[in-house]
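Chemist: As a plain string of letters, each chain reads:
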Amino acid sequence: MHALANPARFLKIARPLTPILTLGGAGLATVGAWAGLTQTPADYLQGDSVRILYVHVPAAWLGMGGWMGLAIACLTQIVWRHPLAGIAARAIAVPGMVFAGLCLATGSIWGRPTWGTWWEWDGRMTSMLVLFFLYAGFIALARASDGQDGAAEGGGISRVTAIFGLVGAVNVPIINRSVVWWNSLHQGPSITLRGSSIAPEILWPLALTALGFTLLFAGIVLMRMRAILAGAKVEARMRRMAAA
Amino acid sequence: MKAKHQRLVLALVAVGAMSGSALLAMSALGDRAAYFQAPSDVARTGIEPGRAIRLGGMVDRGSISRGGDGVSIRFTVSDGGGRVPVRFTGITPDLFREGSGMVAEGRFGSDGVFVADTILAKHDERYMPPGMNTDVTSGSASPGTTTVAR
Numbered sequence: 001m002h003a004l005a006n007p008a009r010f011l012k013i014a015r016p017l018t019p020i021l022t023l024g025g026a027g028l029a030t031v032g033a034w035a036g037l038t039q040t041p042a043d044y045l046q047g048d049s050v051r052i053l054y055v056h057v058p059a060a061w062l063g064m065g066g067w068m069g070l071a072i073a074c075l076t077q078i079v080w081r082h083p084l085a086g087i088a089a090r091a092i093a094v095p096g097m098v099f100a101g102l103c104l105a106t107g108s109i110w111g112r113p114t115w116g117t118w119w120e121w122d123g124r125m126t127s128m129l130v131l132f133f134l135y136a137g138f139i140a141l142a143r144a145s146d147g148q149d150g151a152a153e154g155g156g157i158s159r160v161t162a163i164f165g166l167v168g169a170v171n172v173p174i175i176n177r178s179v180v181w182w183n184s185l186h187q188g189p190s191i192t193l194r195g196s197s198i199a200p201e202i203l204w205p206l207a208l209t210a211l212g213f214t215l216l217f218a219g220i221v222l223m224r225m226r227a228i229l230a231g232a233k234v235e236a237r238m239r240r241m242a243a244a
Numbered sequence: 001m002k003a004k005h006q007r008l009v010l011a012l013v014a015v016g017a018m019s020g021s022a023l024l025a026m027s028a029l030g031d032r033a034a035y036f037q038a039p040s041d042v043a044r045t046g047i048e049p050g051r052a053i054r055l056g057g058m059v060d061r062g063s064i065s066r067g068g069d070g071v072s073i074r075f076t077v078s079d080g081g082g083r084v085p086v087r088f089t090g091i092t093p094d095l096f097r098e099g100s101g102m103v104a105e106g107r108f109g110s111d112g113v114f115v116a117d118t119i120l121a122k123h124d125e126r127y128m129p130p131g132m133n134t135d136v137t138s139g140s141a142s143p144g145t146t147t148v149a150r
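Chains G and V supply the protein sequences, listed in that same order.
First residue of the first sequence: 1, per full-length UniProt numbering; consecutive thereafter.
First residue of the second sequence: 1, per full-length UniProt numbering; consecutive thereafter.
Only chain G is shown next, with the shape it has when bound in the complex:
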């Protein structure tokens, strides 16, 4: 962890890792999506519309997991002030928001043929929408407070942004528990510690797409971190040139 906190060392590892994660993830997700569309049986009740779960479920996991990663990065930023932690938080926010949005969009498309509605304000949907807005708020706050209290120099985030990222994490367990605590239109959890209520024939491509999208997410985060570091370097050089 400490070894990686050095930007130069991080870049040395991140450079070869980025294409591996991105291409490997995209490949796995493509194979999983193909398998989910052609190689699995339709659901007994929902028919072919069940196949959207191979995108919807990984998108939901990554939307929530992304914020957990972001919150850990924010905690690291607050406590240890590692130069890379704030950059990592900022890099996670955009793909996290994209996946949360993808979850909402695919859920809406799935809800119409099964439940008979595009959108209802039940606990699961509302709390997921809040997560989407939290991402938007984090991105806006990080940009608005650029260059404040030192930490934001070099592409990091300000302290208030880090605190926002940490506080926002309380929403993630609420999303997870929303279908257990309250009556909701969304069904209960299919995959729990006790096993899965998705038949194995239908389940297996989900492992491919979940892993694939996760690797892709990690690849995008590394890409964005490298871009932020490069941008900060350019800015620092411009400033030096302007001063000279």
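A few of these clues could be false.
What the hints assert, rightly or not - Ranges between beta-carbon positions, derived for each pair: (1) G:R143 to V:L10: 23 to 29 Å; (2) G:S108 to V:G68: 45 to 51 Å; (3) V:L8 to G:R177: 25 to 31 Å; (4) G:W34 to V:K2: 50 to 56 Å; (5) V:D69 to G:S108: 30 to 36 Å; (6) V:G50 to G:M68: 44 to 50 Å; (7) V:G50 to G:L37: 47 to 53 Å; (8) V:K2 to G:R112: 54 to 60 Å.
Just so you know, these hints were derived from the structure itself, not from any lab.
C-beta: ideal position from N, C-alpha, C; glycine also.
Fit chain V to the known structure of chain G by using the hints.
Modeler: Chain V only, in chain G's frame:
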């Protein structure tokens, strides 16, 4: 204590306090955050006629009867703790069927029949190929009886 240890302790205490307060808030919210009320909730709280609510539960097997106009239906909804008759005129979702979950928006009439304006289908968390359906319905895990009433 070094400054960063102080920050760590402070941050962890803050996270603990936030999680605790969020948990308290959510438990205080309780049933008011529920998307629908089950027949047993209705039986317990006694909802006056004319008040708009959402009613959710399992459509009883063999209870759907269709009216002569082709779009009016009557059925009963239960959750193990109560049973409510429902009347609806309109088009139901494809997944609306006997032995499956549903959520209806509407109000109770003075005769105790729930008059629905819209009906949504609610499915459970199980996904399986068509062939397995019979195994499960005849087995011990009767479909849908576990999920809706929670």
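Chemist: Now tell me, hint by hint, if it's right for this structure.
Modeler: Here's how the hints hold up against the structure:
no., hint, result
1, G:R143 to V:L10: 23 to 29 Å, "holds (27 Å)"
2, G:S108 to V:G68: 45 to 51 Å, "violated (36 Å)"
3, V:L8 to G:R177: 25 to 31 Å, "holds (27 Å)"
4, G:W34 to V:K2: 50 to 56 Å, "holds (54 Å)"
5, V:D69 to G:S108: 30 to 36 Å, "holds (32 Å)"
6, V:G50 to G:M68: 44 to 50 Å, "holds (46 Å)"
7, V:G50 to G:L37: 47 to 53 Å, "holds (48 Å)"
8, V:K2 to G:R112: 54 to 60 Å, "holds (56 Å)"
Violation of the numbered hints given earlier is confined to hint 2; every other hint is satisfied by the structure.
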